[in-house]
Amino acid sequence: MLRNLILFASILVVVFSGISKDYLSNTGTLDSTSKTSIDSVNFNENASCVARAFDFNIEIHCKNANGSYELHRNFTTLYKMYYTTFSADSQLLIAGGSNPQRVPASIVYVFGYSNTTLGFELQQNFTFDKST
Amino acid sequence: MWKVVITNDGKRILCGSGDGSVTVWNLVNGQFVLLQSFMAHPPALYSLTAKSAGILITSGRDATVRFWAYQPLTSSYVSIQNITCNDEVNDVELSYDEKFLVAGLNNGLVLVWKRSTTTGNFDLIQTITYHTGRIIGVRFNAIADKIIVSGNGDSKVSVWSYDPAMTGFVFRSVKAGEVFAVAIDSKNHLISCPYSNPLCTLYSLKLNCTEDPRSNGTSLGDYECACTGAYLWSSTNGECRLNCSNTQFAVSTSSPYYCDCIAGFYWNASFYLCYRNCSAVPSSAGGNINATSCYCGSGYKWNTDSCWLDCALVPDSSGGNANASACQCIKGFVWGAEVCRRDCSIV
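Chains as they are written, first to last, in my numbering: chain S, 3 to 134; chain A, 14 to 360.
No lab work stands behind these hints, which were simulated from the structure alone. We treat Cβ as the ideally placed atom computed from N, Cα and C, and that holds for glycine. Where hints are given, some of them may not hold.
[To be verified] Output of the computed footprint for chain A on chain S, the stretches with three or more beta carbons under 8 Å from beta carbons of chain A: (1) 94-102; (2) 113-123.
[To be verified] Sample of chain S residues with no beta-carbon within 12 Å of chain A, all distances over it, derived: (3) Ser42; (4) His63; (5) Val105; (6) Ala107; (7) Phe130; (8) Lys132.
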């Protein structure tokens, strides 16, 4: 640990802050009926969908024919949701949350993309006893 | 629970909890089943990241980044490396290919490591000191040439682009405003969500063509600028560069402003052309007549690509050259020691 501390301290602190050649152009917004802040947001592999975890919800927004995101699925849960992400091939969406008033206190949801319904459907969930 | 991730092959889910534990599930016959639960990062785990099943990285309140390797024989993760930082590590993220690791600290620092191809260890390559407050999130895009940083403490989301020449990530853009959760896709689209409300904003990272002096300021799509005059858009370099393919004696361009020239030529910045390097031409006076011709020293004249002896000035010469340094002589004379000499063999 000491060795790593020395290594860290000895490394030159560099800031690469050249001229900005880019700018972030505002292309739209994603709102929600909830008043709660978003804890986690992630794109799927080709950015056709965006998943958000917040409060007791997992939301999936997907692009419509006009290229704009619209609400695709909204899963209400019994656990406060903290994180959500897609698998690399976009076939799975996982989300995790906790509720200290429940036993077990934590849960992971696994949603799979269904070619039948053309949407993400709950495939599995597993609870476990870990606190936030 | 703070973070849950799934490996690139979709066969393992890892979940990090606030109490410092990590719980792992493996995909077996289409269902995820519990593999292992272990105390990884006491007293509090803040983040974890895993792309392949072989390596897991955790971070937490104790200001360390911990590396774990999966041991197939025991079906468990074992600690292999700890890195101590100078503040709590709120988030860690591995690039998709596991070449880079980025961490966001509570004091605003962003640390970037690159994995050594020889040792497999992660070596610190950069400390970004741009943000002045707590970093809440760090994310790579799919090909790991961009990092976005959620500066929750100073209310900024910043974008950094990998520059191989600098072996690090260079600043590209920033957006001020309350920020909490962020994500970036493979086409430089960003989403940023604030802390106080659910209204997320979508952005597209675009080139600011007005800042490229060789562009006419017009954007061609999200990531290309229209260039002026002799310049062409270089998608590799992300800027307008000289069109060296149409420049005689040029081979390429390593700079936006000049072309690299073939051997024996140099870039003439006044005329934007490759000029012959006359100082290296034998018997030259050193200066250029034009791009391809040189002034020659006394007794020499320019011929195609070198200075030739001026045989018209040589006594008893017929005026023609046998080669660059020899003249043809009139009848009864032969070339020798730089003059036409009487051919004594026929006298």
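Hints, one by one, checked against the model:
| no. | hint | result |
| --- | --- | --- |
| 1 | 94-102 | holds (count 6) |
| 2 | 113-123 | violated (count 0) |
| 3 | Ser42 | 5 Å, violated |
| 4 | His63 | 9 Å, violated |
| 5 | Val105 | 15 Å, holds |
| 6 | Ala107 | 9 Å, violated |
| 7 | Phe130 | 6 Å, violated |
| 8 | Lys132 | 4 Å, violated |
Hints 2, 3, 4, 6, 7, 8 from the list above are not met by this structure, while the remaining hints are.
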